[in-house]
Amino acid sequence: MIMKFPRGKISGVHLVIPKNEVRFDSEVDQYNFTNAQSKKLKLVMGYDRRRVVASDTSSSDLVIAGFKSLIDAKELDLSSVDAMVLITQTPDYLMPGTSFVVHGALPFKKDMVCIDINQGCSGFISGMTTALSLLWQENINRVAVVNVDVLSRLVGAGDRNSRPIIGDAASITIVDDSVNSNDITALNYIDGSGWDALMIPAGGMKIRPSSETKKLTQDQNGNVRCLDDLVMKGDAVFNFVLREVPALVEEILSEAKVMKDDVDFFIFHQPNPFMLKKLANKLEIPIEKMPHKLVSHYGNSSGVTIPAVLCTNFEKNDFVKPKKLCFAGFGVGLSWGSLVIDIENPMFMSVMEF
Amino acid sequence: MKIKLLDAIREIRPDLEFDGSVDFALHGVLDSLDIVLLVDEIEATLGIEIEVSQINPDVFSSFVTLLAYLNESSQR
Numbered sequence: 311m312i313m314k315f316p317r318g319k320i321s322g323v324h325l326v327i328p329k330n331e332v333r334f335d336s337e338v339d340q341y342n343f344t345n346a347q348s349k350k351l352k353l354v355m356g357y358d359r360r361r362v363v364a365s366d367t368s369s370s371d372l373v374i375a376g377f378k379s380l381i382d383a384k385e386l387d388l389s390s391v392d393a394m395v396l397i398t399q400t401p402d403y404l405m406p407g408t409s410f411v412v413h414g415a416l417p418f419k420k421d422m423v424c425i426d427i428n429q430g431c432s433g434f435i436s437g438m439t440t441a442l443s444l445l446w447q448e449n450i451n452r453v454a455v456v457n458v459d460v461l462s463r464l465v466g467a468g469d470r471n472s473r474p475i476i477g478d479a480a481s482i483t484i485v486d487d488s489v490n491s492n493d494i495t496a497l498n499y500i501d502g503s504g505w506d507a508l509m510i511p512a513g514g515m516k517i518r519p520s521s522e523t524k525k526l527t528q529d530q531n532g533n534v535r536c537l538d539d540l541v542m543k544g545d546a547v548f549n550f551v552l553r554e555v556p557a558l559v560e561e562i563l564s565e566a567k568v569m570k571d572d573v574d575f576f577i578f579h580q581p582n583p584f585m586l587k588k589l590a591n592k593l594e595i596p597i598e599k600m601p602h603k604l605v606s607h608y609g610n611s612s613g614v615t616i617p618a619v620l621c622t623n624f625e626k627n628d629f630v631k632p633k634k635l636c637f638a639g640f641g642v643g644l645s646w647g648s649l650v651i652d653i654e655n656p657m658f659m660s661v662m663e664f
Numbered sequence: 004m005k006i007k008l009l010d011a012i013r014e015i016r017p018d019l020e021f022d023g024s025v026d027f028a029l030h031g032v033l034d035s036l037d038i039v040l041l042v043d044e045i046e047a048t049l050g051i052e053i054e055v056s057q058i059n060p061d062v063f064s065s066f067v068t069l070l071a072y073l074n075e076s077s078q079r
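First to last, the protein sequences are chains A and B.
So the number in our numbering is just where the residue sits in the first sequence, counting from 1, plus 310.
So the number in our numbering is just where the residue sits in the second sequence, counting from 1, plus 3.
These aren't lab readings, by the way, just hints derived from the structure by calculation.
All C-beta atoms in this analysis are idealised placements derived from N, C-alpha and C, irrespective of residue type, glycine included.
Mixed in with the good hints there might be a few duds.
[As the list claims (entries may be wrong)] Below, in silico cross-link-like pairs of lysine-lysine (DSSO-like), each with a Cα-Cα straight-line distance of 27 angstroms or less:
(1) K349(A) to K5(B)
(2) K378(A) to K626(A)
(3) K7(B) to K352(A)
(4) K524(A) to K5(B)
[What the hints assert, rightly or not] Which residues of chain B face chain A? A partial, calculated answer using Cβ under 10 angstroms:
(5) E20
(6) G31
(7) V32
(8) L33
(9) D34
(10) E44
(11) T48
(12) L49
(13) I51
(14) E52
(15) E54
(16) I58
(17) P60
[As the list claims (entries may be wrong)] Ranges of calculated distance between the beta carbons of each label pair, as one might list FRET restraints:
(18) A47(B) to N627(A): 38 to 44 angstroms
(19) L9(B) to T622(A): 40 to 46 angstroms
(20) I500(A) to P60(B): 48 to 54 angstroms
(21) M311(A) to N59(B): 25 to 31 angstroms
(22) G414(A) to G50(B): 56 to 62 angstroms
(23) K349(A) to L70(B): 22 to 28 angstroms
(24) G50(B) to E594(A): 17 to 23 angstroms
(25) S520(A) to R13(B): 42 to 48 angstroms
(26) A71(B) to Q528(A): 31 to 37 angstroms
(27) P60(B) to D628(A): 18 to 24 angstroms
(28) Y403(A) to A71(B): 50 to 56 angstroms
(29) R553(A) to G50(B): 24 to 30 angstroms
(30) D421(A) to A47(B): 55 to 61 angstroms
Okay, chain A solo, but in the shape it has when bound (with noise of 0.2 angstroms):
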C-alpha cells in the first residue's frame, strides 16, 4: 500500500548498542562449521562482532538508558513528546505492552499515546508509517519511534544459521511535524501465508514455555534449537528477499518521482552483506550508496538495523544540505516495506554504549 506525507520530518536519531561483544572466532566450535566454511562465512556474510545484552539485560532497559541519556544531554525534553511508538518481537512481558514501562519509568507526560507494534525487520518502516499518520492529528507534534530487540536471548547455542549474525539494539528516532517541500512516500506489503518462515513457536498462548519447549531438536541442516527459540526457514526468507525487494524499491521510486541517481544513500535493513551486495547489483546502485557493513561489526538488530546504519555511518553534519533515503525493510510476516524521506539538519544522530 503505497502511502503520502506531506508532513513530518526524523529530526533526530539515537542508537543504543550493548557494551558486551561477542566474536565469531569465539564461538566457533558451537556450530560445527569446516575451517574453510568458517573463513568463507566471515568474508561472504559477514560472521565477525555482533553486540549482546547480558542474560537479565530487556528491551526496556536498553530504551529507558537511551532516553535518560538524551535527557542528559538535553537532547530531548520528554515533555515535548506527544505519541511514542514502540516496535519489538522481544517484549519485556506478554502484558502490559513494553512502551508502558518505558512511560512509567521516566518523566513522560500523561496526556500523551503509546503504541506497542510487534513487528520484526520492517519494523522501522512500520513505526514511521505510524508516526507519520499520527502527526496528522492536531494534537500530536512530536513522536518518538521506538525500535528495539533484544534477540540474541532467544537464539539457540547451536543455531548455526540465526546466531552468528543475531545482535541486540534499541533506536530512540524522533519525528516531528513540519511542512514539507517533498512528499515522504510510503510503501508496505504484507504476506501472511509466510508468518511461520520467522517465529519463536512458543511462549504465546498456542503453545505454553514449559519443560517440553525446552527440549533441544537438531533439524536436517544441523541447526540445534526448541521451542522457546528463535526459528528461521532460511530458504524461505532468502527467496523472499531476493524477490521481493527489488520490486518494492523499484516501485516506492516510481511513485515518489525519484530517479536513482537522485537518492543520496539507500540504508536497507541489513541480513548480511551477500544479500545486500546482490541487491544493490540487481537494482544497479552503487554499492557505496548502500552500507553494507553493520552485521559485521555489531550483527543483525531486526528491526533497529535501519537507524543504526544512520547513527554508525553518518554524523548530524552529514545532513546540513538535505540528503535524500531510501529506506527498505523485510522480514518476519512476511513483511516488505520501504520510506523514500529528506533528512535535514538533525538535532542528534548519535551512539551510546550501554
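Starting from the known structure of chain A, arrange chain B on it as the hints suggest.
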C-alpha cells in the same frame, strides 16, 4: 564446467559424498548458508555472476538444473 561445479560444491560441502552420478538433488541438501557460499564460490572460480532472480529453488533444485543455468549463462 561439470567438473568445476562439482569442485565448487565439494569446496563448500566437503562432507557430501557423490556416487559418480551428477544427477543429484541440491534442494533439501544445501541450506541457505550453503547456497550463499556456493554462489560466491561459483562467481569466484567460474567467473559467472549469478543474477538475484536466478538464486531460486528452480535453479538450485539439482546439480543438473544448476549446471544448465551456468552453461546458458556462460554462453551469453
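Structure-inconsistent hints, enumerated in ascending order = Per hint list: 4, 5, 11, 12, 13, 20 and 27 violated.
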